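We have chain A already, so just place chain B on it with the hints.
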Amino acid sequence: MKTCLELIILLPLLGGVANALLGGRLLPRRTSELLACCVIWGSFAATLAAAFAYSTPVTVEVASWLADFDFKAPFSLYLDPLSLSLCLMITFVCGLIHNYAVGYMKDDPGYVRFFALLNLFVAAMLMLVLAENLPLLYMGWEGVGFCSYALIGFWYRDPKNATAGRKAFIVTRIGDVGLGIAIVWLFQLCGTESIQQINTMGSLLPLGVITSLGLLMLLAAMGKSAQVPLMVWLPDAMAGPTPVSAQIHAATMVTAGVYLLMRMYPLIGASTTVTAAIAITGALTAFYGATCALAQRDLKRILAFSTISQIGYMMLGVGAGALSAATFHLLIHAFFKALLFLGAGCVITAMHHEQDIFRMGGLRRTLPGTFFPFLAGALCLAGLPLTGGFFSKDGILGAVWLKGGTLYGGLYFMGLITAFITAVYTMRMLLIVFGGEQIPLHTLSRQPGSPFVKGEVKPLPRIMEWTLIPLALLAVCGGLLNLPEYLGHGLLNSFMYLPGSHELVLPHTTELLLQLVAATVAIAGMAAAWYRFGGRRRQLRMAESQQPAQGLHAFLLEGWRMDSFYDLLFVRPFTTLATALWKRIDEGCIDNTLENIATMLANYGRWCGGLGHGRVSLSLVSMAAGAAVMIIWLAWAAV
Amino acid sequence: MNQIPLLTTLVFLPLIGALLLILLTGRVRIARIIALSIGLAETILACSAWFCQSTYSISTTAPNGFFLFEDIPWIEQLGIRYTLGMDGISLLLVILTAVVTVVSMLVSWRSINERVALHYILLLAMQSGIMGVFLSLDLFLFYLFWELMLIPMFFLIGIWGHGRNVYSAVKFFIFTMFGSLLMLLAIIGVYLIHGMQSGSYSFGLAELTGTHFSTATGLWLYAAFLLAFAIKFPLLPLHTWLPDAHTDAPTAGSVILAGLLLKTGAYGLIRFGYPLFPEAARIMTPFVIFLAVAGIIYASWIAFAQKDMKRLIAYSSIGHMGFVALGIAVWTPVALSGAVLQMVNHGLTTTALFALVGMLDERAHTRQIEDYGGLWDKVPIFSAFFVLFAMASAGLPGLNNFVGEFLILAGSFKAVPLATAFAFVGVILPLVYTVRLIQEVIFQEERRELPMPDLTSRELSVLAFLALCDIYIGLHPAPLLEILKTPVALLTGGAP
Chain A
2 MKTCLELIIL LPLLGGVANA LLGGRLLPRR TSELLACCVI WGSFAATLAA
52 AFAYSTPVTV EVASWLADFD FKAPFSLYLD PLSLSLCLMI TFVCGLIHNY
102 AVGYMKDDPG YVRFFALLNL FVAAMLMLVL AENLPLLYMG WEGVGFCSYA
152 LIGFWYRDPK NATAGRKAFI VTRIGDVGLG IAIVWLFQLC GTESIQQINT
202 MGSLLPLGVI TSLGLLMLLA AMGKSAQVPL MVWLPDAMAG PTPVSAQIHA
252 ATMVTAGVYL LMRMYPLIGA STTVTAAIAI TGALTAFYGA TCALAQRDLK
302 RILAFSTISQ IGYMMLGVGA GALSAATFHL LIHAFFKALL FLGAGCVITA
352 MHHEQDIFRM GGLRRTLPGT FFPFLAGALC LAGLPLTGGF FSKDGILGAV
402 WLKGGTLYGG LYFMGLITAF ITAVYTMRML LIVFGGEQIP LHTLSRQPGS
452 PFVKGEVKPL PRIMEWTLIP LALLAVCGGL LNLPEYLGHG LLNSFMYLPG
502 SHELVLPHTT ELLLQLVAAT VAIAGMAAAW YRFGGRRRQL RMAESQQPAQ
552 GLHAFLLEGW RMDSFYDLLF VRPFTTLATA LWKRIDEGCI DNTLENIATM
602 LANYGRWCGG LGHGRVSLSL VSMAAGAAVM IIWLAWAAV
Chain B
256 MNQIPLLTTL VFLPLIGALL LILLTGRVRI ARIIALSIGL AETILACSAW
306 FCQSTYSIST TAPNGFFLFE DIPWIEQLGI RYTLGMDGIS LLLVILTAVV
356 TVVSMLVSWR SINERVALHY ILLLAMQSGI MGVFLSLDLF LFYLFWELML
406 IPMFFLIGIW GHGRNVYSAV KFFIFTMFGS LLMLLAIIGV YLIHGMQSGS
456 YSFGLAELTG THFSTATGLW LYAAFLLAFA IKFPLLPLHT WLPDAHTDAP
506 TAGSVILAGL LLKTGAYGLI RFGYPLFPEA ARIMTPFVIF LAVAGIIYAS
556 WIAFAQKDMK RLIAYSSIGH MGFVALGIAV WTPVALSGAV LQMVNHGLTT
606 TALFALVGML DERAHTRQIE DYGGLWDKVP IFSAFFVLFA MASAGLPGLN
656 NFVGEFLILA GSFKAVPLAT AFAFVGVILP LVYTVRLIQE VIFQEERREL
706 PMPDLTSREL SVLAFLALCD IYIGLHPAPL LEILKTPVAL LTGGAP
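Protein sequences appear in the order of chains A and B. Residues in the first sequence are numbered consecutively from 2, following the numbering used here. Residues in the second sequence are numbered consecutively from 256, following the numbering used here.
Take these hints with a grain of salt, some might be off.
[Unchecked claim] Derived contacts from chain B toward chain A, CB cut-off under 7 Å, selection only: (1) Thr495; (2) Trp556; (3) Val589; (4) Leu651; (5) Phe679.
None of these hints come from the bench; they were simulated from the model. The structure presented is a predicted model; accordingly, all values stated were derived computationally and were not measured. For glycine and all other residues, C-beta sits at the position ideal for the given N, C-alpha and C.
Bound-form chain A, shown alone:
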């Protein structure tokens, strides 16, 4: 077991390091690519081996790391149902994405850097998931942040990409402050950094402290998982290559915040304030993301906002205490969102790097190999009954309903409205991209600077479309992983049973009723989208899209104008103040004062020096005066 756990992390790490050090000159391109893929599949094999050997949660100490007096944080890994199921998903999905990336990056000269970072990312992500203590988790947490930063800005020549990477890094770091403070605070309270020990000690802490700790961790999760109000970095992060968006910004890293909250749930779940805050954040974010996705015209940005929204659902699930439902949605979402991103990558490659959906059309005929998997993923996202996405989303909504009360009742309805919007924007995307007739590519006016490419869609490397198939199967049939109680046994539910989670089981009739409602909502949403974008009306929408967006549409297109709001509120004051502090305070005030003192002293010195030059009388007088003062003082002392 120990070897397995070590290999899970070490293989991707070594792969990344080997590629970074040897790639390019010493390794041929094929070897580099093969190495990058093999280490991930090797890691998957190790995870499978660990899964077969698994019986009870285990802790494995691999090596020492931080050890200073009573502060101890070794490299120790912890395997329980939660980390095991996440590891299986991460290694499998990342393995597929690596394969896909071989095709996607086949003409890019920077492949060594790309695969090295992609491998390192997987290692850091697995470290985050398997970490047994908080500082180690933090190492993985920051490690994935760095890889994400470097990969978003992968095509660094364009300042836009580099800026997007930087924004992602800084915004998530703001959240990380919360985690950092929580970590040192917990050390002070519990005298240990071990997550398991902290979780068992949790009940001994005062409620107010738990609430503060929970809110700090929620802040961290908001940053990493792009939740309101720290969600602004994710849409921009789409500047990275598409496999990166699929791997980091859909399937794995962005769910790290949800994972953190689930991991610490035994501690923070004790505070109802915290759970309510998590649930509200989740529901708000789900709504926010869905409404924004409704107006986007960049294919990848639609998916980015959709990711924000879907992670909102997971948070809502955590807030309702439905950990296994949240995990279920996390896994299913990883499958179908990775699928959608990879499919989008196929579309974009085939369209010669066109990302505007209103310049696409008819792709169902020209790209059937992409269309059918993409369709499966989209239906899953829209929540079509019997797909994986339907069951997983319903699990969360059911748990929220069960919680009851005004707050959770309201959140349930918010979730339903969001589900409706989700169905609408998904179908909109599907109908615009794949429906209608293809616009001849040469009639499109290209943006200045980009090469004009004649001809039809570009043929895709086979490996890209092949990787979509297993993901599509998992997305559609994923529901089998965790069937509702009335259909049999929830595999994941029983496996995932976590100590401290207050999961209740819905009565079968209520559950059926809720699913009926959810199914109606999803189908209504899809129908509404068909009514607006289907058939001949598609042409109208295409024509409308030529006009610039206005009013509500523009507001949603710009993500509720949060970017300009933050720019005004934080970014500009920060940069202006930086210069002001430097020029006005540091140089103008502090340095000037010190310099004036120095000049004054120098002048005084010159004046004193003047005393020594020949003016004997003055010297004598001052000497006498000094002596007099001393004698008087001595006399005083003697008396």
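Chain B only, in chain A's frame:
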């Protein structure tokens, strides 16, 4: 006991080397080689001290925790002794000194072409001074070495600097001189008070520790010490000499200034300030913590606005040293050992950053951020190192600076939760200016045609060595922390 007086050798070998080089003025190549071999010999000696921890029997006269100790009377009439001692804290800093000096020699291998021998004479003399500061246990001796390390730096900036180098050199000199003169007065004050109380006049640290001062006297004396150390640190608002000195110093000067000289202030506070004046130090603690945390945020914020890379790193140093000051001020075992480790970490990382900027300057003769851009296309290996060290400086876990900073914060939260929370905000800011620096220098398109060959094998080996140190400490700091355990426990009065 010990046949070779290792500590004396460590202190005086560079000085002897410097004297030897005086004879060789004008013979550039030989001067370089001799200086470098002395630097390497120092490094080997310093590392061999590591293994002395267990092999040397601790003499009965040595104070607790010091595994190497040399003590002979010097000016007996005044109670001045020649006392050198090495404990875990000194050991790490001595090794750092040896390493950073070698690095400073190697990075200025080709860029210094005038008065080469003098350049190395000054570097070696400075090394002697710094070694002496880290090893003396007699206040008078300490003060001598403290002044000795000052003068070569003054000439280094004045002779080989650029820009307003004379202004900066004088500014540096006046600032530090001002502090050290007050410290001298305080040293004499301590000496007299102790002499009057006990009847035996001595400058020895061990004798002076435990001297009782009235609260007011203690405060005044401690304030004088603190001022000298705070200038070196540098703490807000006494830091303004640093950006100027760094910007105008030659690469070797910047490397030693940031890598070593800043550490002497922190070391002085640990070795002399707190042990001599425990009561006054406790009273002043909130004040120091305030200055430290304010400095972290203030300096990191200003670093963001900088246009000159060296100035940016100089301000970042002020911010990072703020963490060290915080760790020392709270004086808990975890925070204090974190602070000492952070001194080493900051020494290594900042040395590397200044070396990198020096390499750019050597090639393109500009340090302005706006002149660069798109370096990854032209010099990928250089750029990879640049990103690595910048990330280390921004506190990425897995690299060395994170370990020190995190231990400091973990150790201080117990004592001062609010200040620690503010210091955490200070963790964001380095990232902000670092990623800006990376983006504008390494990424984007090239902004000016600059001659830019990639690293030579000399530069590569220096950077690779420092990178390995950074990664090693980042992943396995346990041996270093183990060495610090005994001295830190003795200082803080906790169990080892």
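Checked hints:
1. Thr495: Hint on Thr495 (chain B): holds, closest Cβ of chain A at ~4 Å, below 7 Å.
2. Trp556: holds, 5 Å
3. Val589: Given a least distance of 5 Å, the restraint on Val589 (chain B) holds.
4. Leu651: This hint holds: Leu651 (chain B) lies near chain A, its Cβ roughly 6 Å from the closest one there, short of 7 Å.
5. Phe679: Phe679 (chain B) check passes; min Cβ-Cβ to chain A is 5 Å, inside 7 Å.
In summary, this structure violates none of the numbered hints.
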